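**Student:** Chains as they are written, first to last, in numbering that gives the first Met the number 0: chain A, 0 to 250; chain B, 0 to 390.
Because the hints were derived from the structure by calculation, they are not lab data. Quick caveat: nothing in here was measured; it's all calculated off a predicted structure. All C-beta atoms in this analysis are idealised placements derived from N, C-alpha and C, irrespective of residue type, glycine included. Watch out, some of these pointers could steer you wrong.
As the list claims (entries may be wrong) - Derived Cβ-Cβ restraints for the label pairs, each shown as a range:
#1 A/Ile101 to B/Leu288: 46 to 56 Å
#2 A/Ala94 to B/His119: 17 to 27 Å
#3 A/His160 to B/Phe254: 33 to 43 Å
#4 A/Thr136 to B/Phe28: 29 to 39 Å
#5 A/Pro42 to B/His119: 38 to 48 Å
#6 B/Gly330 to A/Met145: 18 to 28 Å
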Amino acid sequence: MIAHKDNSNNARYGMVVDIDRCTGCGACMIACAVENNVPPAAPTANERTGITPMRVIRYEHAGGTAFVPMMCQQCEDETPCAAVCPQNAVELDPATGIVGQIPQRCLGCRYCMAACPYHARYFNWGDPTWPDGLEKTLNPSVAPRMRGVVEKCNFCHGRWHEAKELAVANGKTGPVEYTPACVEACPSRAITFGDLNNSATSVNELAREKGSFRLLDSIGTAPKVYYRSRRDWVRAASGNASGTAEGAHRG
Amino acid sequence: MSGRSHFNFWRLMGAALMLVAVAATVLRFGGSLGASTNLSDQFPWGIWIGFDVLCGVGLAAGGFTLAATVHIFHLKRFEPIVRPAILTAFLGYGLVCLALLFDLGRPWNVWHPLVMWNPHSVMFEVGWCVTLYTTVLALEFLPLVLERFRLERARLMLRRIMIPIVILGVILSTLHQSSLGTLFLIMPQKMNALWYTPMLPILFYVSAIATGLAMTIFESWHSARAFARQLEFPLVQKLSRVLAVMIAVYLAMRFMDMSARRAWTMMDQPGTERWLFGVEIVLMAVPMLLLFREQTRKSPQAIYLCAVMYLLGFVTNRLNVGITSLERSSGVQYIPKWSEVAITLGLVAAGFAIFRVAAHHLPVFEEEVPPLPPAAWEAEASDAYSIQSGQ
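Take these sequences, add in the hints, and give me the full structure.
**Tutor:** Here it is in structure tokens:
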């Protein structure tokens, strides 16, 4: 299940998030916004007016508090958003396993948001606005956000491109190694990232370890984002054991 | 209150609603979806989908229901109501398309699904069907315009291809009336079990047929008041009996499905869902029971009120599927912004206004006059010539 079917030239990038390590500091969200040209929120901003491809959700329980970083789960089977998009603006790249969004095609019907079982897609409800001077911090390897389209985490695809270009320039073929912004920023090293097809990676090993699970595993979307926890109640809230859908990502 | 002042009140009301809608339009297209709606990433579909699209398409179902009744099943006695039904359907679909432009993030890309195919997508199917069916409705509506302007040759040509067009319209309606329900099949884990069922497409289709009949009764009543024209009452009575049967079929399917899924336990869950479910069922069951009584079917008012009650039940159902059932799992509360409500009401008012104008200027309530055969044109032309030359 972890490493499967593909020929060796294809990567299947995946993530393991250790919920027990996450302190809920939000550094990953900031790093994500900076990397992906998400402008700082205006003073009047509410939850809807800025997009964050990543959110850390606080989950309260009698057993304690858990922080769950939520981003696109990169569903591999029956990818709901790719299946519902009427104009193929969402595609699962067979070379990387990354679910990619093509904003130029998107017409903003938001069916993919309604269909996403993880609430992991975000709409650009307005134009991004940059305080004077701050637009100089724009990341040149990522397109700026645009109004009226749906977007989501793409495992920092810009970084993958850079790594790939470098590898090709050095005459290398096959999957490349790179690190998404959130993984880099996490001070408690809660997120591990890598190629699930490569049995030598720590992400592959961690995903198979006891205590690792996927959200809503029972619905058959086969996400490539794994979570892990030693706490029973956290695992029970993942939407698998109890059969209830929403526990893990709605606090 | 005299009839005239009553009439003026509704006109004023309609104009006011449309004016507010213009202000909301400025906010929507001058600003953004963020500024003009209370939608959020957790709750991406609001009343523009729940009412304008889901209800709008359903309320326009009279077009295909009656076209099929008269032109395919050859129940010719219903012919006098086909034209108003086609007009309503054409208007309904036009307004649905317009409403969609408000809801889409980038409305100028609305043609994308027609070119960038994803046949896996239900939305792709809905997009194609609505586009094609709106075209079909335009063609079904065209004879009224041609008749008005006496374009006999074009009328005759159109009449020759009308039956395939009507059949195409019925197929397309069957496809997308049901696939509006199919849209929701992808979200079983998000929807309340009172509404989520694999049967949604079939339930949507059956209730759309009932709605088509109820809308025909509704229009007939209002046309009678506004234009002093009325359907023959026996026809309305027949329609109301079929309506009762269709609601019965729908509710029977609904209840059997609920039992099979053991979803009745959802009624023990506290919250507004069970009450809104109750409202929806009562608004459908009561008119059904009433219309099964012969006593009710003797009174035009009673039939009208039953039709209105069912239509309200239908609207409640679509809003429940599109909004209520998804609210709890989203974790946010969605209350539409004034601009969302304004555009919805403005479009409804526009629908009534355009219907009134069309009914005044086009032969909507008149029996169809068969177009003259080509031989008659020549005869007519030579008559005119002889009259002219005679003078």
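**Student:** Does each hint fit the structure? Answer for all of them.
**Tutor:** Against the structure, the hints come out as follows:
Separated by about 53 Å at the C-beta atoms, A/Ile101 and B/Leu288 satisfy the suggested range of 46 to 56 Å. Distance hint for A/Ala94 and B/His119: a CB-CB separation of about 21 Å, consistent with the stated range 17 to 27 Å. Take A/His160 and B/Phe254: their Cβ atoms lie about 56 Å apart, and the range 33 to 43 Å is violated. As the Cβ distance of A/Thr136 to B/Phe28 is approximately 31 Å, the hint placing it in 29 to 39 Å holds.
Between A/Pro42 and B/His119 the C-beta distance comes to about 43 Å, which sits within the given range of 38 to 48 Å. Hint check: B/Gly330 to A/Met145, Cβ distance near 27 Å, so the stated range 18 to 28 Å holds.
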